[in-house]
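Sequence lines, in order, name chains R and L.
FYI, this note's numbering numbers position 52 of the first sequence as 52, with every residue one higher than the one before it.
FYI, this note's numbering numbers position 164 of the second sequence as 164, with every residue one higher than the one before it.
Keep in mind that the hints were calculated from the coordinates and are not lab data.
All figures in this text were calculated on a predicted structure; none of them were measured in a lab.
Don't take every hint at face value.
[To be verified] Quick list of in silico lysine to any residue cross-link-like pairs, SDA-like style, CA-CA up to 20 Å:
| no. | chain 1 | residue 1 | chain 2 | residue 2 |
| --- | --- | --- | --- | --- |
| 1 | R | K106 | L | A15 |
| 2 | R | K81 | L | A15 |
| 3 | L | K40 | R | R177 |
| 4 | L | K40 | R | S52 |
| 5 | R | K69 | R | I97 |
| 6 | L | K40 | L | S190 |
| 7 | R | K69 | L | F148 |
| 8 | L | K41 | R | K69 |
| 9 | L | K41 | R | G70 |
| 10 | R | K69 | L | Y149 |
| 11 | L | K161 | L | N72 |
| 12 | L | K187 | L | T177 |
| 13 | L | K40 | R | F122 |
| 14 | L | K40 | R | K81 |
| 15 | L | K40 | R | T117 |
| 16 | R | K81 | L | S16 |
| 17 | R | K118 | R | R177 |
| 18 | R | K108 | R | Y169 |
One-letter residues, chain by chain:
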Amino acid sequence: MLSSFILKKEHPAPYWNPYVCGIGLGLVLLLTFLVMGRGIGASGAMTSVVASGVNSVAESHAQANDFYKGYLGDGTVSPLKDWLVFEVLGVLIGGFISGILAGRTKVKVEKGSSISTKTRFFFAFTGGIIMAFGTKLARGCTSGQALTGGALMNVGSWIFMISLFAGAYAMAWFVRRLWI
Amino acid sequence: MNGPFYINGWIGDEASLIFALVIGIAFGFFLERAGLGNAKKLAAQFYGTDLTVFKMMFTAIITAMIGLFWLNHFEILQLELVYLTPTYVVPQLVGGLIFGVGFIIGGYCPGTSCVAGATGSLDGWTNVLGMLTGILLFGELYPAVEGFYNATPIGNITFTKYFNLPSGILVFILVMTALAGFWVSEKIESKTTTKS
């Protein structure tokens, strides 16, 4: 049943105009500022998942580490009952809905044509590890720093944003085989 | 009624979590709509063939920035109550470079990897697993990197305070810069797409 529901349509719908999507996302961000007094995020939710995982396996170890402790709170509520965790659950749902409506939700591997699926998985995993270090050092990712802090004209967010583009452009030539 | 509603006590904790879910759905929806759940489309930004990442990101930033300016101007939102991530110059500069490298190797950023995974991309889930592993490694190494992590702090600071200019002027400059960037992006795209 489910597989027939998410079966690829003959022709997936075209993507929407990036400026239209940008305005939509900007208004979502603005509404978040107005209602919550904070912006959106993504990597923070993943950190909550990791911190609560470590805490459930080795509580004293997690409690002795300031990094984990920052995501665990005072212990009165679960660290997963967190604003960003709920927001990222929403991201999964919203992405899924949009993909279904456009005929784009199907099991697949996105990669350049000259590499194998195994190679793609290796680099997707490695890239994730590297990105985690970047996002943790910078105290945020493209959502929590670049978008949120960018709109607030936060100095550190703009430093992060400019250097993230610089890093990716500088590295792009070396890994072009992955994508072209 | 004055914003931020949550900070001023207009909505409670439970309602804020439901709101988080709704905001997330809209966020994920727009990312997927623009094609940012697709690693090849994201990577194309850095080969000049498809600049959707830049266009969408900066449209979102200036839209929210202009909105914040007017909401603050008409005293609908107290901007000084909005959370600001503190600036640590060197860790954020180095973190950005590392992040950029990871981005072009992995093909996603944290939010877009979730969208990719949700639309069935197995490489999206692999990237999420890599990130969770990386965060765990960072956490375990935290005592060793803590010094660097907390280096060169300059506090909660915006361009308005840093350059000592009125926010209206800065918003105007950044909007004009973004518009110029969009114009250049369209030029680059029309060049790279007619070539192929």
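Okay, the hints, checked on the actual structure:
1. R/K106 <-> L/A15: violated, 33 Å
2. R/K81 <-> L/A15: holds, 12 Å
3. L/K40 <-> R/R177: holds, 12 Å
4. L/K40 <-> R/S52: violated, 33 Å
5. R/K69 <-> R/I97: violated, 35 Å
6. L/K40 <-> L/S190: Satisfied, since the Cα-Cα distance of roughly 18 Å is no more than 20 Å.
7. R/K69 <-> L/F148: holds, 18 Å
8. L/K41 <-> R/K69: Since the Cα atoms of L/K41 and R/K69 sit roughly 37 Å apart, the hinted pair is violated (cutoff 20 Å).
9. L/K41 <-> R/G70: violated, 35 Å
10. R/K69 <-> L/Y149: holds, 16 Å
11. L/K161 <-> L/N72: The given pair, whose Cα atoms are some 16 Å apart, holds under the 20 Å limit.
12. L/K187 <-> L/T177: holds, 15 Å
13. L/K40 <-> R/F122: Between L/K40 and R/F122 the Cα gap is close to 16 Å, so the pair holds against 20 Å.
14. L/K40 <-> R/K81: violated, 34 Å
15. L/K40 <-> R/T117: Holds: L/K40 and R/T117 sit about 14 Å apart, inside 20 Å.
16. R/K81 <-> L/S16: Between R/K81 and L/S16 the Cα gap is close to 11 Å, so the pair holds against 20 Å.
17. R/K118 <-> R/R177: holds, 14 Å
18. R/K108 <-> R/Y169: violated, 26 Å
Checked against the numbered hints above, the structure breaks hints 1, 4, 5, 8, 9, 14, 18 and satisfies the rest.
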